[in-house]
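Undergrad: Sequence:
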Amino acid sequence: MAAVVPRERGGVTDSPGFQALLWCQGLGAFNDNAFKTLIALWAVSRLPPERSSALIAFAGALFVVPFILFSTTAGAIADRWEKKRLIVLFKGVEFVLMVGACAALALESVPLLLALLVLMGAQSAFFGPVKLAILPEILEDEALSHGNGLMQTSTFAAILLGTIAAGVMIEKFSHSLVWAGAVFIAAAAAGFAASLKVPEPPARGGAEPLRFNILAQALENFQSVRKYRGVMLALAGSAYFWFIGAILQMNLLVYGKQLMHLSEAWLTLFQVAVAVGIGGGSYLAGRLSRDQVELGLVPVGALGLVVFSLALAFSFHSTGATLAGLILLGASAGCFVVPLMAFVQQRSPQNERGKFIAMGNLFSFTAILAASGFLWAFSDLFRLHPGQIFLATGIMTTAVAAFITRRLPDFLLRLILYPIANIAYRIRIDGGVHIPLRGPALLVANHVSHVDAFLIAAASRRLVRFLMYKPYYEHPLMNPVCRAMGAIPISETDGAKEIIRSLERAKDALRAGEVVCIFAEGQVTRTGQMLRFKKGFERILKGMDGVPIVPVHLDRVWGSIFSFERGRFFFKRPRRLPYPVTVSFGAPMPGSSNAYSVRQRILEIASNAFCYRLREKAPLPAAFLREAKRHWSRPALADSTGVSLSYGGALVRVLLLRSALAARLDSDGPVSLLLPPSVGGALANIAVSALGRATVNLNYTMSEAAAMECSRQAKSAAVLTSRKFLEKLGWSEPEGALYLEDLVSGLSKIRGAALTAACRLLPAGLVEGLMLGPRVPPDSVATIIFTSGSTGDPKGAMLTHENIHANIEALCQLFQVDANDRLLGVLPFFHSFGHTGCLWFPLLAGIGAVYHFNPLDAKLIGRLAKKHSATFLLGTPTFLLGYLRRVEPDQFRTLRTVVVGAEKLRAEVARAFEERFGVLPLEGYGATELSPVAAINIPDFKAGDGRQLGTKLGTIGHPLPGVLMRIVDADSGEELPAGAPGLLLVKGPNVMKGYLDDPERTARALRDGYYVTGDIASIDDDGFVTITDRLSRFSKIGGEMVPHIKVEEKLHEAAGAVDQTFVVVGVPDERKGERLVVLHKPVPDLDAVIAALQSSGLPKLWIPARDAFREAAEFPVLGSGKLDLAALRRAAAEANE
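Take the sequence shown: its position 162, counted from the start at 1, is 162 in my numbering, and no numbers get skipped.
Worth double-checking, as some hints may not be accurate.
[As the list claims (entries may be wrong)] Below, simulated BS3-like cross-link-like pairs (lysine-lysine); rule was C-alpha separation at most 30 Å, straight line:
hint, residue 1, residue 2
1, Lys1072, Lys904
2, Lys1122, Lys715
3, Lys942, Lys952
4, Lys952, Lys535
5, Lys795, Lys724
6, Lys1081, Lys1100
7, Lys749, Lys724
8, Lys629, Lys617
9, Lys629, Lys749
10, Lys724, Lys1122
11, Lys795, Lys993
12, Lys542, Lys507
13, Lys993, Lys904
[Claimed, not checked] Here are the computed distance ranges between Cβ atoms for each label pair:
hint, residue 1, residue 2, range
14, Gly746, Gly1056, 51 to 61 Å
15, Arg406, Ala265, 38 to 48 Å
16, Ala758, Ser644, 15 to 25 Å
17, Ala324, Ala115, 34 to 44 Å
18, Glu709, Arg664, 20 to 30 Å
19, Arg886, Glu1134, 28 to 38 Å
20, Pro436, Leu577, 31 to 41 Å
21, Glu709, Arg576, 43 to 53 Å
22, Asp494, Glu1053, 37 to 47 Å
23, Gly918, Arg1130, 38 to 48 Å
24, Arg287, Val99, 32 to 42 Å
Hints listed in this document are in silico derivations from the structure and should not be mistaken for laboratory results.
Backbone N, C-alpha and C fix where the C-beta goes; we use that ideal spot for every residue, glycine too.
Could you build all of it, start to finish, from the sequences and the hints given here?
TA: Written out as structure tokens, the structure reads:
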């Protein structure tokens, strides 16, 4: 099996097999060039100047004749036999020839040396196709340009060293050139040793017999190559590179002697300058190409060849200017040829690659031979001096570049796209190999901005034709580029016939074997969420068997100036320059795939792409440090006790508290915290995290024994608490208690002043290194949160820094916070939503938070909201009911976003809240194991006649950016279509690391990276997710699954109740397996409610019997605000006895 170099660039340069190939071919190039140059210098030193040009041209012709004679046969051999063995064989031949060269040098036999020069040319002619044809078989496609860049760099480094070595040897060993032969033998031996370590890919082809009729084989190869117009032009361009190089090399010696009257040492330096330039340009081309074949560099290189050839025509009066011109000319040549060679390797048929490369060698060395003729004609026939020869080559290059660009517009288009991909944006390409190199393909992409087409085109390895919004296509500034891209205009405002005509044009392009791209949403997102996919692409592919769909996802483009993030297009300051984006191409899907399945696949790709964002994230406390330095004076923390801190003040207190904690903690391990949501509680959490330890916020709504048991399970080193809070709870002193009051009282004001000065004056990186120490890995545990236990015993979910960052990154994308926002934090930090949403989200988003420890204290919460102009509120539907009754509308006047979770938000509650406070609550969904948010509704976009849905009442919204949700059959695990209810699975970087010390339970909860929620849900065509019920909240009655929540909804509708009035639970039943029991608060006319329920259209089996209704004064609630379902089941079972 072929040894494949990893995609990472470090993997290319570090791979032992690839390194061996570089050494192998580099040493061969050294011997070729040093031997040829040595002969030339030796011969030139013995001939009169007027014959030097002719002799140099003759020697050059002798070396290249074998390439013309044997290239076709060499290509066939490269395709027929194993390339590794061929490389070893040809390097062995080189060793034998160098032994012969040593003997010829000892004898000083000119005929024998020239004969060996011909044989070395033959060896190189056979070795060349093999070394280039093996590259695509040992490198992945993304590494091909970089690999070619390194190959060219090593080649010209070898040429450089060979040139220098030849000059040195002609001086040092002039009395006995046999020592030069010894150097050649040593280099050949080292090359042979390196060849043994080259990877061994499988043989390709092999069935086609060898033909020794050179002319017939060459004509047949030419016919094969000409079918691939792009490859043919690339080979022609590569041949021109060698043509120019040959003229340059031969003309340069005469240029230096006749025009500049320089010594041989200077002539050698000129040759070195060219080699340095080509090597540097080749390496630069490989680096600039990143993860693809970047054809946009070809016109840049061609322009450089023109400019610096013309410059050399007039620079012979200045040695420095000539040297600079030669280096830049060489660099331009490197940028010109590397993409061309990578293109040939990429686009050639795999089983004929050697043939194609051999054809290229035939072209190239024919061009080198032609260069000898051109040089003779220029110098002897037209009597041009060497400077004028450079002028002539500049003019020729202009014509060649114009011809290639006209015949293959990909080059010019890539040049136009290159600044977008590498200056305005920094594109990371993932899965580019999924675009087929030949044949049709339909790219289906999400639509985030007005530059999406350019980003995809820049990331694609083939020319892509886009279905494009007609007004955009017709814009005077954009139309020339759009026409060059072959875009197909389309608009919803067109009539049906015009739309069908546009779709037919796309179909025709696919029939012609082209790549077409369609943005399936039909419009640019204004909310940051992916919209519903329209079925236009299904119509395009109807009846087109064999055309694959390649799903494409654009990540991080939302937020660039060309997106509608922050409600504005273009007119906003860029967040970064270049702006990082990821363009991901997924594995091809069948052309018969429907819109829903393609959208789901793109969401899966999006989840993978989202992970790349998190790689650059610092651990939570380090991220807070950087945010604090950025917004030093901005309000950060406040609470209902009157304490208020800026970001700078909070940072200094965190660092002081960190030092105090470090001095008191004797053992390793997490630290438990028993503190309410407050300034002190927030500082304590950040300080513990800044020590590199996990936090364990204890649930103080549990019993004391249960809370302390959680601390013991976590193996906490201490319990950080407050005497005042312990006293309020009525709890005894925990084992290993550290009191916040004691730590704060011991803080030094002088040290605080010194920290303030250091944090203000020193760079963030230095402050982090000095104050926080080494960074913890992103997958290290940041906090252990014990689940609320609403349906069973609490479990310790381990959430990493990356998990929490994933939630924060997604929330910031969706809600577009700014400096005017403040979050009202009423959820406790032992609650996952409180820990992520009320602690880390506001602090890392730069908006700060205001805390109150009691979420049910509606009056005080209203006053806090008004005092601090709170704009964000996180809570539960139960808490909203209290605010509806006891908070004045003016107090919530500044709220713009209210997010609720933990329990279902009934439409009546949402509308009542909107009517009273002017803001519609947005229902989200999550779990402790999901850090916690997995899906959320967001505000709708409305402008004029345009509207994009962000919210659907009764749903939990779309999955968060980076989160993938699948609906599967609970028994078979088969994925279900749109609208079908099934078991909800969630995957993404927000999924917990696992349960604390419970691998078995972790294995049950996490399957193939998906968290098994235990909830029954469905996803509609718009992408909105609806939770039907928890799997545990279904009753199996008479073999049929009955959802409790659906019955509860109908009961509340029948009673016209806004408050939570009914709870349905299941209890065992001997006859039917289970029966429903309804716990309810006092209801004025229960019989009327039951009658309304019976006429509501529910199946008869779903309607509880009259004697199943049990009145309850209150419903037990957990500290998180969720109903305590376990307690409710016990109460129902007792009432049913």
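Undergrad: Against this structure, judge whether each hint is valid.
TA: Outcome of the hint check:
1. At roughly 28 Å between alpha-carbon atoms, lysine 1072 and lysine 904 fall within 30 Å of each other, so this suggested pair holds.
2. Proposed proximity of lysine 1122 and lysine 715 is supported: the alpha carbons are some 27 Å apart, at most 30 Å.
3. For the hint pairing lysine 942 with lysine 952, the CA-to-CA distance comes to about 14 Å; that is within 30 Å, so the pair holds.
4. Pair hint lysine 952 plus lysine 535 holds up; C-alpha atoms about 22 Å apart against a cutoff of 30 Å.
5. This hinted pair checks out: lysine 795 and lysine 724 have alpha carbons roughly 28 Å apart, not beyond 30 Å.
6. Distance hint between lysine 1081 and lysine 1100 is fulfilled; the C-alpha atoms sit about 24 Å from each other, no more than 30 Å.
7. Our distance criterion of 30 Å between C-alpha atoms is met by lysine 749 and lysine 724, whose separation comes to about 24 Å.
8. Proposed proximity of lysine 629 and lysine 617 is supported: the alpha carbons are some 16 Å apart, at most 30 Å.
9. With a C-alpha separation of about 20 Å, the suggested pair lysine 629 and lysine 749 falls inside the 30 Å cut-off, and the hint holds.
10. For the given pair, lysine 724 sits about 27 Å from lysine 1122 by alpha-carbon distance, which is consistent with the 30 Å threshold.
11. Pair hint lysine 795 plus lysine 993 holds up; C-alpha atoms about 13 Å apart against a cutoff of 30 Å.
12. Distance restraint check for lysine 542 and lysine 507: the Cα-Cα separation of roughly 9 Å lies within the 30 Å cut-off, and the hinted pair is therefore satisfied.
13. Only pairs whose Cα atoms come within 30 Å are accepted, and lysine 993 paired with lysine 904 is accepted, the gap being roughly 27 Å.
14. Remark: the range hint 51 to 61 Å for glycine 746 to glycine 1056 is upheld by a beta-carbon distance near 59 Å.
15. Checked against the given bound of 38 to 48 Å, the beta carbons of arginine 406 and alanine 265, roughly 44 Å apart, stay inside it.
16. Between alanine 758 and serine 644 the Cβ separation comes to about 23 Å, which falls inside the hinted range of 15 to 25 Å.
17. Remark: the range hint 34 to 44 Å for alanine 324 to alanine 115 is upheld by a beta-carbon distance near 40 Å.
18. The hint said 20 to 30 Å for the Cβ distance between glutamate 709 and arginine 664, and at roughly 24 Å that hint holds.
19. Against the hinted window of 28 to 38 Å, the Cβ-Cβ separation of arginine 886 and glutamate 1134 comes to about 33 Å, which satisfies the hint.
20. At about 34 Å, the CB distance of proline 436 to leucine 577 agrees with the hint of 31 to 41 Å.
21. Against the hinted window of 43 to 53 Å, the Cβ-Cβ separation of glutamate 709 and arginine 576 comes to about 47 Å, which satisfies the hint.
22. Roughly 44 Å separates the CB atoms of aspartate 494 and glutamate 1053, a value that falls within the hinted 37 to 47 Å.
23. For glycine 918 and arginine 1130, the Cβ-Cβ distance of about 41 Å falls inside the hinted range of 38 to 48 Å, so the restraint holds.
24. A C-beta distance of roughly 39 Å is found between arginine 287 and valine 99, which places it inside the suggested range of 32 to 42 Å.
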